[in-house]
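Peer 1: In case you want the letters, here they are:
4 protein chains.
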Amino acid sequence: MPEEQIRHYLTDKRNWGRWGDDDQRGTLNLLTHATRLAALSAVRSGEVLSLSRPIPTWVGSGNALPAQHYLKVAHSGGENLHSRPADERVAGSATDYYGLPYHGVATTHLDALSHVWDADGMYNGKSPEENITFDGVTFGGIEQWSTGIFARAVLLDVPAHRGVDYVEEGEPVTGAELEEVAREQGASIEPGDAICVYSGRERWQAAHPDLPYGRYPTLTNSSNGRQHFRKPGLDASCLTFIRDHDISALAWDMLDATPYDYDIPYAVHGAIHAYGLALIDNALLEELATACADRGHYDFLLVVAPLVVLGGTGSPVNPLAII
Amino acid sequence: MPEEQIRHYLTDKRNWGRWGDDDQRGTLNLLTHATRLAALSAVRSGEVLSLSRPIPTWVGSGNALPAQHYLKVAHSGGENLHSRPADERVAGSATDYYGLPYHGVATTHLDALSHVWDADGMYNGKSPEENITFDGVTFGGIEQWSTGIFARAVLLDVPAHRGVDYVEEGEPVTGAELEEVAREQGASIEPGDAICVYSGRERWQAAHPDLPYGRYPTLTNSSNGRQHFRKPGLDASCLTFIRDHDISALAWDMLDATPYDYDIPYAVHGAIHAYGLALIDNALLEELATACADRGHYDFLLVVAPLVVLGGTGSPVNPLAII
Amino acid sequence: MPEEQIRHYLTDKRNWGRWGDDDQRGTLNLLTHATRLAALSAVRSGEVLSLSRPIPTWVGSGNALPAQHYLKVAHSGGENLHSRPADERVAGSATDYYGLPYHGVATTHLDALSHVWDADGMYNGKSPEENITFDGVTFGGIEQWSTGIFARAVLLDVPAHRGVDYVEEGEPVTGAELEEVAREQGASIEPGDAICVYSGRERWQAAHPDLPYGRYPTLTNSSNGRQHFRKPGLDASCLTFIRDHDISALAWDMLDATPYDYDIPYAVHGAIHAYGLALIDNALLEELATACADRGHYDFLLVVAPLVVLGGTGSPVNPLAII
Amino acid sequence: MPEEQIRHYLTDKRNWGRWGDDDQRGTLNLLTHATRLAALSAVRSGEVLSLSRPIPTWVGSGNALPAQHYLKVAHSGGENLHSRPADERVAGSATDYYGLPYHGVATTHLDALSHVWDADGMYNGKSPEENITFDGVTFGGIEQWSTGIFARAVLLDVPAHRGVDYVEEGEPVTGAELEEVAREQGASIEPGDAICVYSGRERWQAAHPDLPYGRYPTLTNSSNGRQHFRKPGLDASCLTFIRDHDISALAWDMLDATPYDYDIPYAVHGAIHAYGLALIDNALLEELATACADRGHYDFLLVVAPLVVLGGTGSPVNPLAII
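Residue numbers (my numbering), protein chains in the order written: chain G, 109 to 431; chain V, 109 to 431; chain Y, 109 to 431; chain H, 109 to 431.
Bound-form chain G, shown alone (with noise of 0.2 Å):
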């Protein structure tokens, strides 16, 4: 696609000012009383698949910012939980820490509409400069979506479209593809639906165990290497499918194709800034659409609950799935 439409997408039909200019919900003025009661038709079995990750605490090179789980015992004895034998026990309880860099590849995570902006601003155009404080965001902060994504959604499977296991580097998922992949699927996509794309990203890295997904290619450049990330993904065509069909949010496995041809700061992450998006980062989409392909249906009821942290640019989550 070329970059000028890449760029009419990003600036010419931008949400701003759609409702209201200082709104700060973005896409997620799509969910609404109505559209909450229709997802409930999505559920048909009752089952319930959780999309996310497990947070990422393992250290190593795949995961350059560990998330922390410390624990702490407290013991009603006074002593040391180990210190006297089984049958001498008395009562305890276990609380941990958890330390949570969230952003980035690793930990499923809800970007809020503060994340990220351009030369022209964040959404609805506002001021980054006068809106990212030290206490926190005063525009696009999480807590403006603490009422979540209660939503239908429709997975998207696009190494079954290709008949691959996962999609690679060097063939980033474009936007006519996954109109091609909604039309084969049967799937209808209505305004303010949800959206799931698929792309095959735990095998991908099961298959390239030496390729951390989303790395910096080496120590050197380790600093300053945002240009250089490496990882397979999304197009930033992927925007026109979103727009066009009015997507609410986007929960994806593999994230932006990177580097990419365009001269844009941001591919699909753009929507966020331009649309006023709800993405949902590193999502684990496997077992879904295992589901998806054996039920035979590719909609469903997705939840999402951020952490209502006033300020914050995002939360991790847990993304429930009920089919």
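For the record, the hints were derived by calculation from the structure and aren't laboratory data.
Mixed in with the good hints there might be a few duds.
Said to hold, decoys possible - Taking lysine-lysine and the BS3-like style, the derived pairs with C-alpha atoms no more than 30 Å apart in a straight line are:
(1) K180/V - K180/Y
(2) K121/H - K339/H
(3) K180/G - K180/Y
(4) K180/G - K339/H
(5) K121/H - K339/Y
(6) K180/V - K180/G
(7) K180/V - K121/H
(8) K339/V - K339/Y
(9) K339/Y - K339/H
To be verified - Chain Y stretches covered by chain V per the calculated footprint, using a threshold of three residues with CB under 8 Å from any CB of chain V:
(10) 166 to 173
(11) 239 to 251
Stated by the list, open to error - A few chain V residues that don't get close to chain Y, going by computed Cβ distances all over 10 Å:
(12) K121
(13) D130
(14) T140
(15) L157
(16) K180
(17) G278
(18) E288
(19) A401
None of these values were measured; they are calculated from a predicted model.
The beta-carbon is built from N, C-alpha and C at its ideal position, and this holds for glycine as well.
With the hints as your guide, set chains V, Y and H onto chain G.
Peer 2: Then chains V, Y and H, alone, in the frame of chain G:
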């Protein structure tokens, strides 16, 4: 209620073995495909309410372990966000770090089955000495509940029943009173239902600005003050209500009334190890209580989606009520 | 002391430009090869005392931002440390994580020159708007003092001078009083010397167990209580002593007496931006005071070695007094 | 050196009981009032050098657990620092949070005696099962060394001895070589001295930009790669040098060469549990090596002041060399 009856409920009526000796799901076993399909009927308007308090980042005497919220800004120009005028803006992104010591009385969170134990052990008789490790718990971790809670729920409004604004210290909510509230509200409670017990905590706090909820009485005793914690809330006799109705999950704004008269390590929290109960502490229930009273319906769909932390003792959550 | 004199010391007598317009070392410029060699003479016995309080990890009403201390254990057997009997022990290691929100009134720490500013700016007139960034400060960072403090120091024992156990609220230490203490102790103070002002803080705290030092007055006002902080300590007039004697560093157990009567944003802490003073807050001085009194010598070698955090606003430290 | 001799040094020549069965100070017992007074003579010029690397906050493939550095800004005007022009500036302060997972190969730090153990236990035969708790260690905590290290130290410059820029993988430094280096430098080493072994680490890293020091070989094995770590450094035979000279503390830039040929859990690090040695990992020694060569003196005063964390397994430090 006599202490022996409390003990009867904490030991003789335990759910240990009920779902298998190695079961780690506890009362969430009561949630099935069928109960989830049935729960959809509790949605009437499609309105969603968040039952989460804001993540407590504020510093002061009522928040012993403040949550951490820190930001980073990346800027495609390489410089400080504020070092160039807005009309020369370049693209950028804001990310944040959440540090969450979420147990306690401030954060809305779900306790995992590994959170507490008494002399007999954890839920299902498992050993804390073996299962609580520096890398997380090996039994009853929150990942066992990765598919979350998707259940019909009933709100029980104690202040409305009492004709007061909030539950006071010295007047704890009892199991018998919960029965009265349910009867008075005309709310049938079915096995597997979740309940939300509203005690008016936010109003209590507003009326007692100098008394932190769940407070250490003095600086002197703060390091070993467990038995001294003071807070209004629910009496151990509520265990009977929970067990007799086969409740799957309890969300509450006020927690165990402390100190309590019984010589037991945990009162209502004992339902975690005794029954395998899913407990959602520090929920925000005032808006829901008002909505239920206005509508004349006290049941709704409750969705809780904990973060998938392998071996975690719980998770901060944003429970959603779809009414 | 009249407010105009305080203002005179905070503005007219500033050290701005004294060591160059871009100087970032402030009063540590007073430390030279020669002063370090001379400081060796202050070591008489070879005994070392630590002037650091324990890192404040405890949770309670007197420690608004507890330091975090969490452990991990790695075990060559791969299992839990406690899962095999001691007689089958294998090798292992224990590591920990320290989370340090060290500024404030609990942790012994060194303030960097970027820590505070007034309407005229930071030390040397630099701009906080430009120099305080999300990645750290770009002027006056603690790394400017990576070679630390190695200086002759003099203890000033205020309670001994007053014949009391500790300085009380409402009776702050003044600059004139410091002159008296020095004279009374027979301690000459040379340009470039450090001083340790002992006010008996630990005894004060022991005598006032329910009053946290530097406390928020109520829960209500805790979010915006700066002007309400209450603590005994030093008066703004101590600025005259610091400036007139050309002190290189001040270590103190009690900090600024607050609230103060002058309409200035910072009292003794104003010496940071006015003079470029190295300030070591919350030092533990009781043992040193006793040792000095016993020996009849109040001077010694002081060594302070801050962590080298690029762009940090200070560092927790363990100051050593070699007497 | 034959493995049996290594084992001889790790077991038969242990310092267990040497300073009492409950001693927790290990080789720092060798530091006395007398050695500290004597160490003053090693100061010739009064120049100070920091031996600390910057706290490693950068994110990338060579820093598995980045240190955290986050700022907060408080503003007497109550608003965002950047929301008003500089000519209307008000007073403010910047504070920061340091999150320090300091063990490993990136941060300059001091290991406490509780850090490692083998099948025979911790230093002095103490039990890790009993002494490693969720609240910190109860034996060999870093607070046992709160008075720090204040000692005569000798730099040993291995690359200068070899006539190379740095120690390579496959050519580890041996104990015999350290003897040669000392002899060649004409540096007498007295019981109780500290040594700083310079291996040219920073130059090695600059020459091998794609090989993180102490690296995991692949993504695949990163979760269990202890035996696979690869780094140039010191051979286990250096234990003989340490023990025979009764070294009080070892600061080094390169650590144990790994993997090693002996079937032992720790090589030079074994000196911690065997001798009670104070080990300062990841010191920055290049500037000191140059200064020593220029001056023709290899001895100096070393001061190390660990943070006083009760029950901590070590501390990040900024070692100072006063030459």
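Peer 1: Now look at each hint and say whether the structure bears it out.
Peer 2: Now the hints, each set against the structure:
1. Pair hint K180/V plus K180/Y holds up; C-alpha atoms about 27 Å apart against a cutoff of 30 Å.
2. Restraint check: the Cα-Cα separation between K121/H and K339/H comes to about 27 Å, which is no more than 30 Å; the hinted pair holds.
3. A C-alpha spacing of about 11 Å is found between K180/G and K180/Y, which places the hinted pair at or below 30 Å, so the restraint holds.
4. With a C-alpha separation of about 34 Å, the suggested pairing of K180/G with K339/H is violated against the 30 Å cut-off.
5. Distance restraint check for K121/H and K339/Y: the Cα-Cα separation of roughly 54 Å exceeds the 30 Å cut-off, and the hinted pair is therefore not satisfied.
6. Restraint check: the Cα-Cα separation between K180/V and K180/G comes to about 28 Å, which is no more than 30 Å; the hinted pair holds.
7. Restraint check: the Cα-Cα separation between K180/V and K121/H comes to about 51 Å, which exceeds 30 Å; the hinted pair is violated.
8. Taken as a hint, the K339/V and K339/Y pair is honoured in the structure, with Cα atoms around 29 Å apart against an allowance of 30 Å.
9. Pair hint K339/Y plus K339/H does not hold up; C-alpha atoms about 52 Å apart against a cutoff of 30 Å.
10. Figure legend: the stretch 166 to 173 of chain Y, annotated as covered by chain V; annotation consistent (7 residues with Cβ-Cβ distances under 8 Å, at least 3 required).
11. Coverage of the stretch 239 to 251 of chain Y by chain V holds in this model, with 4 residues showing a Cβ closer than 8 Å to a Cβ of that chain against a need of three.
12. Against the 10 Å criterion, K121/V stays outside the reach of chain Y, whose nearest CB is about 31 Å from its own CB.
13. The Cβ of D130/V lies farther than 10 Å from every Cβ of chain Y, with a closest approach of about 18 Å, so its non-interface assignment holds.
14. With a closest Cβ-Cβ approach of about 34 Å to chain Y, T140/V is found to remain outside the 10 Å limit, as its non-interface label requires.
15. With a closest Cβ-Cβ approach of about 26 Å to chain Y, L157/V is found to remain outside the 10 Å limit, as its non-interface label requires.
16. A beta-carbon of chain Y is positioned within 10 Å of the beta-carbon of K180/V; the least distance is around 5 Å.
17. Distance check on G278/V: its Cβ is at least 20 Å (rounded) from any Cβ of chain Y, clearing the 10 Å threshold; non-interface status holds.
18. A cut-off of 10 Å between C-beta atoms confirms that E288/V is not in contact with chain Y; the least separation is 33 Å.
19. Distance check for A401/V against chain Y: the nearest CB is about 29 Å away, which clears 10 Å, and the non-interface claim stands.
Checked against the numbered hints listed earlier, the structure breaks hints 4, 5, 7, 9 and 16; every other hint is satisfied.
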